[in-house]
Structures are given as structure tokens and as C-alpha cells.
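Peer 1: Sequence:
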Amino acid sequence: MGNLKRWIKRWLQRNKPWTEHTYVALDVESSGLDPRSDQLLAVAWVVIKPPVIDYASGRYYLIKHDQTELKQSPVVHGLVSKDFIDPTEPAEVLRELAKVLKDNILVCHYIQLDWGFLQHAAKQHGIKLEPLARFDTLAYEAQRLKRHQHHIARGELTLNACRTRYGLPEYNAHHAFSDAIACGELMLAQRYK
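Following numbering that gives the first Met the number 0, the numbering of the sequence shown begins with 0 at its first residue and continues without gaps.
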């Protein structure tokens, strides 16, 4: 009976107007694109209660990892080995994130990548991440563009390109915290348009 009660509660929560939900805009930085062979390097998030982004809720963590080769990370994210002098244990970050995500909606730009890394790491540490739902700003924008044009050109779905279409300022891309905020702002712009 407990599972049925929980399912009904979550179903009722999902059917509230979108402005009554709490969102968690999140970004991860990783050593590559494959959660099975690459590792989380940084995780950041910020909580949104439309129309307000709670900047004070923002978190940014450099994650302890055992990958000695950072591959393209110094070039892409600007993260180098010396940045990881005092990193946070992944389990600690994931436990905090699990609390923040519980019954809230996860927002990412290309959620497949971020969620893949989070799920893989959470499974390794025996932690359940249970957002109420997931919202992908990239997928939302792709659908919107497909309705209005036949072809989506290369680069039109980057976070900065999407933000530009909504008149949002450019952010320093590929830093988990600024990308999380940029993604949250984009989600609000998409939903309020």
C-alpha cells in the first residue's frame, strides 16, 4: 500500500501548474562523455521557485576522483590537477543532491549527459536520486525550433545560442556553476515565453 500512496502523491504533484513546482538547475563537468569510463569532476546546482532563482541555494563542488589523466578538461572546463587539492567526496555531494532533488524537478541542458553521470555515480555509492521529473532545456528548444523551421544548423542548440534567442546575456561557458545558473535562466525564459 505504501508504494501506491507514494505513486498517487507523486502523480498529484506532477499535475500542479508548472509555476508551483520547485526546480533544480544543474550542470556537471566530467573528464569525458562516457559515464562508464570517465568521471565527474565538478557538480553545481541552483534552486528555482518560479519566477525566482534562489542564488543563495547555489552549490559548486569539485569532486574527488581517481582519474590521473584529465583529457580535454583543462581545455574545455579550465579544470587542472591543482584545482583538486581539496575536493569533496562524491558520496557527500550525491547525498546532498539527493535531498535537494527529492520531489523537485531536475533541469539540465542536454540532460542525457548530466543525468547519465549522476545516475552512474549514485549507483556506485548506493544513493538514490529521485527527482519528481526531468526537464531538458536543449530538447525543449529543439522541439520549438523544429516547429518553426525545417533545419537546425550546427551550434544552434548550444546553451549560449539558446540563451541568445531569448535575449539573455552570454555566460562564461563550461563552468558548472555558471552553466547551472544559465540553464535555470533559460528554462524560465522558455516557460514564460
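For the record, the hints were derived by calculation from the structure and aren't laboratory data. A couple of the hints might just be wrong.
What follows is a set of in silico ranges between Cβ atoms, one per label pair, in the way DEER data are often shown [said to hold, decoys possible]: (1) Ala172 - Pro50: 18 to 26 angstroms; (2) Lys8 - Gln118: 21 to 29 angstroms; (3) Asn2 - Glu155: 41 to 49 angstroms; (4) Arg153 - Gln189: 37 to 45 angstroms; (5) Lys8 - His173: 36 to 44 angstroms.
Mimicking DSS-like on lysine-lysine, the simulated pairs with C-alpha atoms at most 25 angstroms apart in a straight line are [stated by the list, open to error]: (6) Lys63 - Lys127; (7) Lys4 - Lys192; (8) Lys4 - Lys63; (9) Lys8 - Lys63; (10) Lys101 - Lys127; (11) Lys98 - Lys15; (12) Lys8 - Lys101; (13) Lys15 - Lys192; (14) Lys63 - Lys122.
Remember, it's a predicted structure, so these values are computed and weren't measured experimentally. We put the beta carbon where it would ideally sit given N, CA and C, even for glycine.
Peer 1: Can you list which hints this structure breaks, lowest number first?
Peer 2: Going through the list in order, the structure violates hints 4, 7, 8, 9 and respects the others.
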